[in-house]
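In order, the protein sequences belong to chains A and B. Residue numbers for the first sequence follow this note's numbering, so the first one is 1 and each next one is one higher. Residue numbers for the second sequence follow this note's numbering, so the first one is 1001 and each next one is one higher.
No lab work stands behind these hints, which were simulated from the structure alone. Check before you lean on any hint, since a few could be wrong.
Computed list of lysine to any residue pairs in SDA-like fashion (alpha-carbon distance at most 20 angstroms, straight line) [what the hints assert, rightly or not]: (1) Lys1132/B to Ile194/A; (2) Lys1091/B to Pro150/A; (3) Lys189/A to Pro1136/B; (4) Lys189/A to Ile1128/B; (5) Lys190/A to Asp1046/B; (6) Lys190/A to Lys1131/B; (7) Lys189/A to Ala1126/B; (8) Lys1131/B to Pro222/A; (9) Lys1131/B to Ile135/A; (10) Lys190/A to Lys1091/B.
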Amino acid sequence: MNERNHLARQGEGKLYEELSRSNLVTTKAWYRAAGILFAVTAGAAGVFFYMMATGIGVTGLSRPVMWGTMIILFVFWIGLSHSGTLISAILRITRAGWRAPVLRGAEAMTVFALMVGGLFPLMHLGRNWRFYYMIPYPNDRLLWPNFRSPLLWDMVAIGTYLTGSILFLYFGMIPDLAVARDFSTGWRKKLYTILAAGFRGTHSEWRRYHVASTLFAVLIIPVAVSVHSIVSWDFAMAMVPGWHSTIFAPYFVAGAIYSGIAGVITVMAFLRRVFRLENFLTERHFDNLGKLLLTMTLVWGYFYFAEFLTTWYSRLPEDWALISSYGGHFLPLFILMLTCNFLIPLPALCLSKVRRSVPAILAVSLVVNVGMLAERALIVVPSLARRNDPSIWLNYFPTWVEISFIVGSITLFSLLYVIFAKLFPVMAISDIKEHLFRTTDRAVGGAVVPSVAEEDEGEGK
Amino acid sequence: MSGEGRMVVIGLFDSVEGAAAGARSLLALPLPADRVTTISSVALPDGAVVHDPRPIRFPWIVVLFWFVGAVFGAGLTLYSYLVYPMITAGKPIATVPPTIIVTYEMAMLGALLSTLVAAFVSIGLARIRRKKVYDPRIHDGRIAVCAAVEPGDQARRAADALMERGGTSIRTEEGEL
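With the hints as constraints, model all of the structure from the sequences given.
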């Protein structure tokens, strides 16, 4: 109601000004934030070049732990990317009335998280300059990529998901770019004119735009699910204790949606605070996202319990050695994961006071993200550190090089988001306007409630 | 939509109801439904002001390109198996599960890319050489009712019809709907 009443008081020009404050006003704080993020990211890039020059031995990787922080970060960021486009697509298809202010930020999160996540397999290659060996291209030595390798499936799947997510984000922005084109001047007007591609808003354009938007949403959902399934098969296809599990694909997808929703809440809370969008991103939005997060807490908990119980009950020696390490060397990581992913979020999210308080739910979402990073680490490292042969067991600690990658990935993601927020509307203006247009206040007994008008839009109608 | 030498009459309305009355009077002239449309900053329900009689068929193009992508993906993997026959863990050279995965991803990529291109073509975006009528005042909440008309008498009658129904800033200009 707050959002609707606020919007109802605005002229449309005012509405644009308010929703595009991030584009129209460049404050000193923006330069400071962008500068700091750029400096830290550049530092991490420098460390990467140091690793390239020195060799991958500067990391904590060693036999048998050949996968470490870079693969943990890869899985984490790909997981984080999961919910943005997925949430947006599901909310679009189901026409959830509260979706409008959440869409753009979530879609952008997916694109940037994918960009960051996709870097890590390339960084992990060792001979990074030969990354193009993963791309199928004709060459005179008749060398072709091995499509039987799950790492190549990653390349194909992430490439498809990134392309699809960028198209989904861009296509969803076209009407807003048309608004920005009409309200801006100078180089921005030129940029928006090109990107809006001549969209005007005729009746025919809107109808076709909606059909295409729905198509994008319908197509992107199975792609999103397949991407994280394929990431899980990087592990599950290997005959390594703890990885070779049939439940891995749905478990990874559930975990990805879980961390992704926490990521969306984090991004929304920051956007709300930084760009003063309190009238648009209301407590109701955080309440609804909190309910989604609560659902995923339970789903993730169920998956984890199911997998853990099966392993514990069968007590196969190679699997039991792995589970035992959770009570030994990896105990702090295990406690951190369990606390952050289940013990804190479950009771907290059951309370509507927590869900409706932005600082509280932001804190919960940050806790979940920490927990999911720990969970990714628990998937990757102990299985390798406790492989079948006890004589090669080894523990793993990330070095300063890898810690700088963790920090650098967070700052790179934030930097991309800060630049995006500077150039493009972070709110789906046309969706918000449409929501307002289709919602009218209606008296029901003694109360006034928003009533939503719907219509059947079908292909060929 | 407008043919050679055709003009477009544009009138602005403050409300959906006014715009609907304006559109009805244009159709009563009579003008065919595919020559009357609105320009608005939000999507209006079909039939609220005008009705779009043209069917939307481009999703079939997307379906077609889904299959094109699938064939490309399957072809790429099978071809790479044959030109670089690497035996891995005693498995067959051409294995089905990896082929399915690459085929699926390429099919989805084909569908996604074709959605963008087909939508652009269907909507008529990125056609920069054609002059299309427009009014940025739609972003102040107004609705433009437009009609493609023949210059002369028909254009005059269309402008009068819009004015009678409360249209403002009525003008006739060259261009397309």
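Results of checking the hints against the structure:
1. Lys1132/B to Ile194/A: Holds, at roughly 15 angstroms.
2. Lys1091/B to Pro150/A: holds (15 angstroms)
3. Lys189/A to Pro1136/B: Holds, at about 13 angstroms.
4. Lys189/A to Ile1128/B: holds (16 angstroms)
5. Lys190/A to Asp1046/B: violated (32 angstroms)
6. Lys190/A to Lys1131/B: Holds, at about 17 angstroms.
7. Lys189/A to Ala1126/B: Given that 20 angstroms is the threshold and the Cα spacing comes to 16 angstroms, the pair holds.
8. Lys1131/B to Pro222/A: At roughly 39 angstroms apart (the allowed maximum being 20 angstroms), Pro222/A and Lys1131/B break the hint.
9. Lys1131/B to Ile135/A: With Cα atoms ~42 angstroms apart, Lys1131/B and Ile135/A exceed 20 angstroms; violated.
10. Lys190/A to Lys1091/B: violated (56 angstroms)
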